[in-house]
Amino acid sequence: MRDLPASRDLLALARGLLLDELAPLLPPERQRDAHLVATAMAIAAREAAAEDWPAAVLTHLRTFYGECGEGTDILARFAADLRNGAVETSPSRAAAARAILWRLTVEKLREGNPRFLAANGFGNAGGQKT
Amino acid sequence: MAATALPQSEAGLGDRQRALADFLATASGAVGVEITRLELLPGGAIQENWGIDASFEGGRLVGPRRLVLRTDAATGVPSSLGRAEEFAVLRAAFAAGVTVPEPLFACADGAVIGKPFFVMRRIGGNAAGMRITLDPTLEAARPAIAERLGSELARIQTIRPPRDDLAFLPSYAGPAAQIGECRAYLDRHPDPRPVLEWALRWAETHVPDPLPAVLCHRDYRTGNYMLQGARLTGILDWEFAGWGDPDEDIGWLCCKGWRFGRLDREAGGIAGRAPFYRGYESEAERRVDPGRVKFWEVFANIRWAVIALQQSDRFLIGGARSLSTAITGRRATECELELLMLLDPERSPADA
Numbered sequence: 008m009r010d011l012p013a014s015r016d017l018l019a020l021a022r023g024l025l026l027d028e029l030a031p032l033l034p035p036e037r038q039r040d041a042h043l044v045a046t047a048m049a050i051a052a053r054e055a056a057a058e059d060w061p062a063a064v065l066t067h068l069r070t071f072y073g074e075c076g077e078g079t080d081i082l083a084r085f086a087a088d089l090r091n092g093a094v095e096t097s098p099s100r101a102a103a104a105r106a107i108l109w110r111l112t113v114e115k116l117r118e119g120n121p122r123f124l125a126a127n128g129f130g131n132a133g134g135q136k137t
Numbered sequence: 014m015a016a017t018a019l020p021q022s023e024a025g026l027g028d029r030q031r032a033l034a035d036f037l038a039t040a041s042g043a044v045g046v047e048i049t050r051l052e053l054l055p056g057g058a059i060q061e062n063w064g065i066d067a068s069f070e071g072g073r074l075v076g077p078r079r080l081v082l083r084t085d086a087a088t089g090v091p092s093s094l095g096r097a098e099e100f101a102v103l104r105a106a107f108a109a110g111v112t113v114p115e116p117l118f119a120c121a122d123g124a125v126i127g128k129p130f131f132v133m134r135r136i137g138g139n140a141a142g143m144r145i146t147l148d149p150t151l152e153a154a155r156p157a158i159a160e161r162l163g164s165e166l167a168r169i170q171t172i173r174p175p176r177d178d179l180a181f182l183p184s185y186a187g188p189a190a191q192i193g194e195c196r197a198y199l200d201r202h203p204d205p206r207p208v209l210e211w212a213l214r215w216a217e218t219h220v221p222d223p224l225p226a227v228l229c230h231r232d233y234r235t236g237n238y239m240l241q242g243a244r245l246t247g248i249l250d251w252e253f254a255g256w257g258d259p260d261e262d263i264g265w266l267c268c269k270g271w272r273f274g275r276l277d278r279e280a281g282g283i284a285g286r287a288p289f290y291r292g293y294e295s296e297a298e299r300r301v302d303p304g305r306v307k308f309w310e311v312f313a314n315i316r317w318a319v320i321a322l323q324q325s326d327r328f329l330i331g332g333a334r335s336l337s338t339a340i341t342g343r344r345a346t347e348c349e350l351e352l353l354m355l356l357d358p359e360r361s362p363a364d365a
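Taken in order, these protein sequences are the chains called L and U.
According to this note's numbering, the residues represented by the first sequence are 8 to 137, in order.
According to this note's numbering, the residues represented by the second sequence are 14 to 365, in order.
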């Protein structure tokens, strides 16, 4: 129902214009700012296009705690339990907690900095170059 | 002593140029000082560095001089020293034979430029991380640079408490207190950071046996030293210095966040660890203990994550309209990935 081109296509066009045509016209001391703007646009585009991974992580957390329900307070509970060692009651529970930490971190970086993810051996983590 | 006209963007310090020239004359014992150029140098999110070209008539600096004035930027981050304190640390390092810009004068009088500052000699070279780590002309010299960074660090660590000239530095309370500070920050932060909590728990349960405290630079890394060609001309930015563990700066320099595109070169993106450690051991009174370094490398990633979050707090809480600081908070997640890789190394990327 929205007008076309889609916002992601507009963002990609705008980012290309910024990097390819406008940035070269800027004095050297402002080049970094242009690339920061391009990075922010790329993050926004990836976030808009991404699946709802926060919901998936919350589902993992509810499974971890054996609970149903909504809300993000469970993430704060998880953080508190990690602080006080409450997830270390068995090797399997500690491993399950670490699996959630990995998922949370990798998903954030897929949006925020896929190049860093790839540079650390996580394959083609997807997304635009930043 | 006519003032040189300055570009509009530099009028902040430019309109204090006469007062600054008078201060330099008094401090150096000159009859007069003419400032011929005043420019804001690039970098320095927390501090401002101004390049000064000045001609001294008489006094201890007689002749044309290139100097740097260092003062507070509009916003800082918690835990950085004031300029008078940073000047005292720089003087101690200079006296200990560390390669630093010679500190010259400090001024606590806000009437001169509106805020405290200090002045040091300007050194030549380049400090930009990527330009250093990716410069192909430095290839052959990289091990020697890393070795020099190690020996310079050992020299910094010859400065030990108690010192009357550094009496303002708080006593070192140990890693447990540093862990507590990070947790206190996370308690104030609106978003839970489970990976940092998990890593802090590991740190809490793996605190190494204590060693006598030494002076820590606390930002000893690529990006904070100047190279002219392959020659180290100065170690910069002492605003976070304090008493601490001898391995804290080793862990910081080796932290992945400071490798600037060369993740494979574990000593600051410059070289492998071996030459860095070799240089350190050549001047230090101890051998590097990899187990202790691992602890401090983990802590370095935690601390860098907290600093990154504090930077974005300047936008989220402080209202600073800076894209650079706002976006820095996202780098915390890069530190969290490294923490997972350091502390859960059996997990392959394909499992994540």
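In case anyone wonders, no lab produced these hints; they're calculated from the structure.
Quick caveat: nothing in here was measured; it's all calculated off a predicted structure.
For glycine and all other residues, C-beta sits at the position ideal for the given N, C-alpha and C.
Please note that the accuracy of each hint is not assured.
[Said to hold, decoys possible] The calculated label-pair distances, taken between Cβ atoms and stated as ranges, are: (1) U:Ala124 <-> L:Arg110: 23 to 31 Å; (2) U:Gly110 <-> L:Leu33: 28 to 36 Å; (3) L:Ala19 <-> U:Leu224: 49 to 57 Å; (4) U:Asp66 <-> L:Leu20: 27 to 35 Å; (5) U:Ala243 <-> L:Gly23: 52 to 60 Å; (6) L:Ala19 <-> U:Asp122: 47 to 55 Å; (7) U:Leu276 <-> L:Arg110: 21 to 29 Å; (8) L:Ala57 <-> U:Gly332: 23 to 31 Å; (9) L:Leu43 <-> U:Glu296: 36 to 44 Å; (10) U:Asp178 <-> L:Gly23: 54 to 62 Å; (11) U:Arg300 <-> L:Pro98: 42 to 50 Å; (12) U:Gly137 <-> L:Arg37: 19 to 27 Å.
[Stated by the list, open to error] Some, not all, of what chain L presents toward chain U, calculated at C-beta under 8 Å: (13) Leu29; (14) Leu32; (15) Leu33; (16) Pro34; (17) Glu58; (18) Thr96; (19) Ser97; (20) Ala103; (21) Arg105; (22) Leu111; (23) Phe123; (24) Ala126.
The hints, checked one at a time:
{"no.": "1", "hint": "U:Ala124 <-> L:Arg110: 23 to 31 Å", "result": "violated, 57 Å"}
{"no.": "2", "hint": "U:Gly110 <-> L:Leu33: 28 to 36 Å", "result": "violated, 42 Å"}
{"no.": "3", "hint": "L:Ala19 <-> U:Leu224: 49 to 57 Å", "result": "holds, 53 Å"}
{"no.": "4", "hint": "U:Asp66 <-> L:Leu20: 27 to 35 Å", "result": "violated, 45 Å"}
{"no.": "5", "hint": "U:Ala243 <-> L:Gly23: 52 to 60 Å", "result": "violated, 38 Å"}
{"no.": "6", "hint": "L:Ala19 <-> U:Asp122: 47 to 55 Å", "result": "holds, 54 Å"}
{"no.": "7", "hint": "U:Leu276 <-> L:Arg110: 21 to 29 Å", "result": "holds, 22 Å"}
{"no.": "8", "hint": "L:Ala57 <-> U:Gly332: 23 to 31 Å", "result": "holds, 28 Å"}
{"no.": "9", "hint": "L:Leu43 <-> U:Glu296: 36 to 44 Å", "result": "holds, 40 Å"}
{"no.": "10", "hint": "U:Asp178 <-> L:Gly23: 54 to 62 Å", "result": "holds, 56 Å"}
{"no.": "11", "hint": "U:Arg300 <-> L:Pro98: 42 to 50 Å", "result": "violated, 34 Å"}
{"no.": "12", "hint": "U:Gly137 <-> L:Arg37: 19 to 27 Å", "result": "holds, 24 Å"}
{"no.": "13", "hint": "Leu29", "result": "violated, 16 Å"}
{"no.": "14", "hint": "Leu32", "result": "violated, 19 Å"}
{"no.": "15", "hint": "Leu33", "result": "violated, 14 Å"}
{"no.": "16", "hint": "Pro34", "result": "violated, 11 Å"}
{"no.": "17", "hint": "Glu58", "result": "violated, 16 Å"}
{"no.": "18", "hint": "Thr96", "result": "violated, 14 Å"}
{"no.": "19", "hint": "Ser97", "result": "violated, 16 Å"}
{"no.": "20", "hint": "Ala103", "result": "violated, 12 Å"}
{"no.": "21", "hint": "Arg105", "result": "holds, 5 Å"}
{"no.": "22", "hint": "Leu111", "result": "holds, 7 Å"}
{"no.": "23", "hint": "Phe123", "result": "holds, 5 Å"}
{"no.": "24", "hint": "Ala126", "result": "holds, 6 Å"}
Hint compliance for this structure: hints 1, 2, 4, 5, 11, 13, 14, 15, 16, 17, 18, 19 and 20 are not met, and every other hint is.
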